[in-house]
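S.K.: The chain contents come next:
2 protein chains.
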Amino acid sequence: MGHRAAIVGAGHTRFGVLEEGPRALLKSAVDAAVASVDKGVERAAVGEAYLGTLGFGGWQIGNASAVLAEEAGMPGVPTTRVENACASGGTAIRAAVRAVEHGDRDLVLVAGLEKMTDVSNARRRYWLGVSGDTEWERSAGLTFAGVYGLIASRYLAQHQVGADALAEVAVKNHENGALNPNAQFQKRVTREDVRKAPRVADPLGLYDCCPVSDGAAALLIASPGSAKKFTDTPVYIDGVGAGSDTLAVQERPELTRFGATRWAADEAFHAAGVSRSDISFLEVHDCFTIAELLAIEDLGFAKPGTAGGMTLDGTTRRDGRLPVNPDGGLKAKGHPIGATGVSQAYEVFLQLRGAAEARQLSHPSRALTQNVGGAGATANVTIYSVG
Amino acid sequence: MGHRAAIVGAGHTRFGVLEEGPRALLKSAVDAAVASVDKGVERAAVGEAYLGTLGFGGWQIGNASAVLAEEAGMPGVPTTRVENACASGGTAIRAAVRAVEHGDRDLVLVAGLEKMTDVSNARRRYWLGVSGDTEWERSAGLTFAGVYGLIASRYLAQHQVGADALAEVAVKNHENGALNPNAQFQKRVTREDVRKAPRVADPLGLYDCCPVSDGAAALLIASPGSAKKFTDTPVYIDGVGAGSDTLAVQERPELTRFGATRWAADEAFHAAGVSRSDISFLEVHDCFTIAELLAIEDLGFAKPGTAGGMTLDGTTRRDGRLPVNPDGGLKAKGHPIGATGVSQAYEVFLQLRGAAEARQLSHPSRALTQNVGGAGATANVTIYSVG
Chain L
1 MGHRAAIVGA
11 GHTRFGVLEE
21 GPRALLKSAV
31 DAAVASVDKG
41 VERAAVGEAY
51 LGTLGFGGWQ
61 IGNASAVLAE
71 EAGMPGVPTT
81 RVENACASGG
91 TAIRAAVRAV
101 EHGDRDLVLV
111 AGLEKMTDVS
121 NARRRYWLGV
131 SGDTEWERSA
141 GLTFAGVYGL
151 IASRYLAQHQ
161 VGADALAEVA
171 VKNHENGALN
181 PNAQFQKRVT
191 REDVRKAPRV
201 ADPLGLYDCC
211 PVSDGAAALL
221 IASPGSAKKF
231 TDTPVYIDGV
241 GAGSDTLAVQ
251 ERPELTRFGA
261 TRWAADEAFH
271 AAGVSRSDIS
281 FLEVHDCFTI
291 AELLAIEDLG
301 FAKPGTAGGM
311 TLDGTTRRDG
321 RLPVNPDGGL
331 KAKGHPIGAT
341 GVSQAYEVFL
351 QLRGAAEARQ
361 LSHPSRALTQ
371 NVGGAGATAN
381 VTIYSVG
Chain Y
1 MGHRAAIVGA
11 GHTRFGVLEE
21 GPRALLKSAV
31 DAAVASVDKG
41 VERAAVGEAY
51 LGTLGFGGWQ
61 IGNASAVLAE
71 EAGMPGVPTT
81 RVENACASGG
91 TAIRAAVRAV
101 EHGDRDLVLV
111 AGLEKMTDVS
121 NARRRYWLGV
131 SGDTEWERSA
141 GLTFAGVYGL
151 IASRYLAQHQ
161 VGADALAEVA
171 VKNHENGALN
181 PNAQFQKRVT
191 REDVRKAPRV
201 ADPLGLYDCC
211 PVSDGAAALL
221 IASPGSAKKF
231 TDTPVYIDGV
241 GAGSDTLAVQ
251 ERPELTRFGA
261 TRWAADEAFH
271 AAGVSRSDIS
281 FLEVHDCFTI
291 AELLAIEDLG
301 FAKPGTAGGM
311 TLDGTTRRDG
321 RLPVNPDGGL
331 KAKGHPIGAT
341 GVSQAYEVFL
351 QLRGAAEARQ
361 LSHPSRALTQ
371 NVGGAGATAN
381 VTIYSVG
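Respectively, the protein sequence lines represent chains L and Y.
Using our numbering, you'd call the opening residue of the first sequence number 1 and step up by one each time.
Using our numbering, you'd call the opening residue of the second sequence number 1 and step up by one each time.
In short, the hints are calculated from the structure, not lab data.
The structure presented is a predicted model; accordingly, all values stated were derived computationally and were not measured.
Backbone N, C-alpha and C fix where the C-beta goes; we use that ideal spot for every residue, glycine too.
There could be a bad hint or two in this list.
Unchecked claim - A short, non-exhaustive set of chain Y residues, derived as facing chain L with CB atoms under 8 Å:
#, residue
1, A66
2, A69
3, G73
4, V77
5, V82
6, E83
7, H102
8, G373
9, G374
10, A377
Said to hold, decoys possible - Between beta-carbon pairs, the in silico distance windows are:
#, chain 1, residue 1, chain 2, residue 2, range
11, Y, G2, L, A45, 25 to 33 Å
12, L, R188, Y, S120, 45 to 53 Å
13, Y, E19, L, S120, 31 to 39 Å
14, Y, G141, L, S120, 23 to 31 Å
Just chain L, same shape as in the assembly (with noise of 0.2 Å):
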């Protein structure tokens, strides 16, 4: 059906526990991804700039996306805050192709910020939970963790599957993540490690969960008209889709399928013109480990109960069939929320471009991202395609 939009350039910052404040992580993401531009780009020709971020611990920057245009040096350039929780990144994305695709503006700048590190605990918790079910869930004390290991002991149980196939992930992720320069976690873990860490939620424990992480992101994204005056080998995006559903999991007909990952897939598909078998890998939400199967599987991967066998017969790792979060994912890379979204974006243009160094797939040429937001109740999914 055609391409959509087209990644020209991309930034990113090291994640994790960082000295840097929010305007100067932004300034460096988004110096990096001009400096990417392959041909060169002038600031000046960017005609509109998103920001994705949740805006953590009290906003330390309100009104964040005028700041963004400011440290971004376009002055006056329209610019607009998308939040969607930790879809926040995603969804700016989203909004950054519906700019371009029809002409309105040829260059858009996509950025994706969080800081978290600078508030205590108490607050990190507050700040996160309000995403979840405040009323019903909230109120009786679940946190995130405990949501999805909730989740996670239905599927095990659903699904007669074993924990070991949680830990995979963790082990996949990390082994990814000792690869990737800017990941939180460049260390590898065992299954043993995995299976000896502190419970969190059982049956999550400390390495099923992603860290609290510092970090931003940035994409240049052109019109597909134009892509080619800034690179000769552009990153297209060729269908984004989302989807949301009740905030409260409680009010679902099942706990361990997302509809709005789902109902995201089928529209991005559905735009892209293409099918799963097309797709080389994915990036998806492995906020915690069990989050990466349940994508595998609402994305229509595999079949609900299947995720965790794939996994741990090798399908995932980077040399398998559908290598997923080459780049570490939420895991090991670390889950700056509003950046998450853009980082995805970020590792499929390197791959895409065959630039990803240690951790380079063998010649991907489409791929697809996953962003979640909340425990399901906001997600986005881009496809991308290469040459």
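Fit chain Y to the known structure of chain L by using the hints.
M.R.: Leaving out everything else, chain Y in the frame of chain L:
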């Protein structure tokens, strides 16, 4: 240049200190918008939803766009929260226009919401304050009233205008608000009342400042081609524009002009292909009385320093040549942050269809709304027509 989108339904709650929480307010506004559609509408026909909200008091609801989909009775619909401080509502409308203008979606819901009165004054100041510059201005004790007080001082001195010009903005907007059953203040005030009111940030007194408000508003926006399925008298959106500026006012070349408004207006007029003289009335962002004068000038309807004279000579009254804020404006109608931009479009919908009852203007055919985030750090402008 043709229509870009069409408003086919609009709903509004009372603005003020309300009993209802955020979910109930959203539901009321959306239900009213659905009920307002002349030829009826199925909720399942809505293909996307946007929510403008600052998410007051620490997001009583996070991932709020999912809550909009839930309360609107539109399960699964792609949904996005946009936040540009006090310009969130107008920014959500702009995003919705993008969604329908090229046929991506036939029908889109836009809602604006704020629940401000259930947090303490201290927390509210914090939540509002971060939408201004924290590093240099807020840390020195400057509130938004303080920033606008400085701007007003400079404006009066620079243009040798008397404070009566500010007072008359309040008198006019309270006069209009007295005829608006949704307004927070339905009470007339005199110039003497305004002059004698307690000082907030000299020269701004109590009646120069908009109140703290709860409330919601909602629109159903259709593609131009499908609008007549829903009503014989859609209100068309012909141009949208947006701009940004530094968060800190001290970084700007002048205090008394908002570049963001000027750039947004230029874009909107260019897109709509109409000129200032084609506009029947304005809805502008009068968070403080001085802001209405700046808006009239920055939008190009008066030379710098002359909007006060236009106000004193009655030009901007309901029976004047260019009515401004016939619904009472933020000043008298109230300013529930994220709802304000959507509420402005609601007033346009009523006025252009001749349905504004006691405050109906005489045969308006085109209108302009201006919505500002922070002290001019973000702004958007929308131009509408009927018939």
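S.K.: Does each hint hold? Answer for all of them.
M.R.: Evaluated hints:
Hint status for A66/Y relative to chain L: holds, with the closest Cβ pair at about 4 Å, below 8 Å. Checking A69/Y against chain L: minimum C-beta separation of about 4 Å stays under 8 Å; hint holds. With 8 Å as the threshold, the beta carbon of G73/Y stays out of range of chain L, its nearest partner Cβ sitting at about 12 Å, so the hint is violated. Using the Cβ-Cβ criterion of 8 Å, the hint placing V77/Y at the interface with chain L is satisfied: the shortest such distance is roughly 6 Å.
For the restraint placing V82/Y at the interface with chain L, the shortest Cβ-Cβ distance is roughly 5 Å, inside the 8 Å limit, so the hint holds. With 8 Å as the threshold, the beta carbon of E83/Y comes within range of chain L, its nearest partner Cβ sitting at about 5 Å, so the hint holds. Checking H102/Y against chain L by beta carbon gives a least distance of about 4 Å; that is within 8 Å, so the hint holds. Taking 8 Å as the C-beta cut-off, the interface hint given for G373/Y holds, the closest approach to chain L being about 5 Å.
Below 8 Å, beta-carbon pairs count as interface contacts, and G374/Y has one with chain L at about 4 Å; its hint therefore holds. For A377/Y, the interface hint holds, since its Cβ comes within 8 Å of a Cβ in chain L; the closest pair sits about 4 Å apart. Taken as a hint, the range 25 to 33 Å holds for the pair G2/Y and A45/L, whose Cβ atoms sit roughly 27 Å apart. A C-beta distance of roughly 49 Å is found between R188/L and S120/Y, which places it inside the suggested range of 45 to 53 Å.
In this structure, E19/Y and S120/L meet the distance hint of 31 to 39 Å, their C-beta atoms being roughly 33 Å apart. As the Cβ distance of G141/Y to S120/L is approximately 25 Å, the hint placing it in 23 to 31 Å holds.
Figure legend: structure checked against the earlier numbered hints; the only hint not met is number 3.
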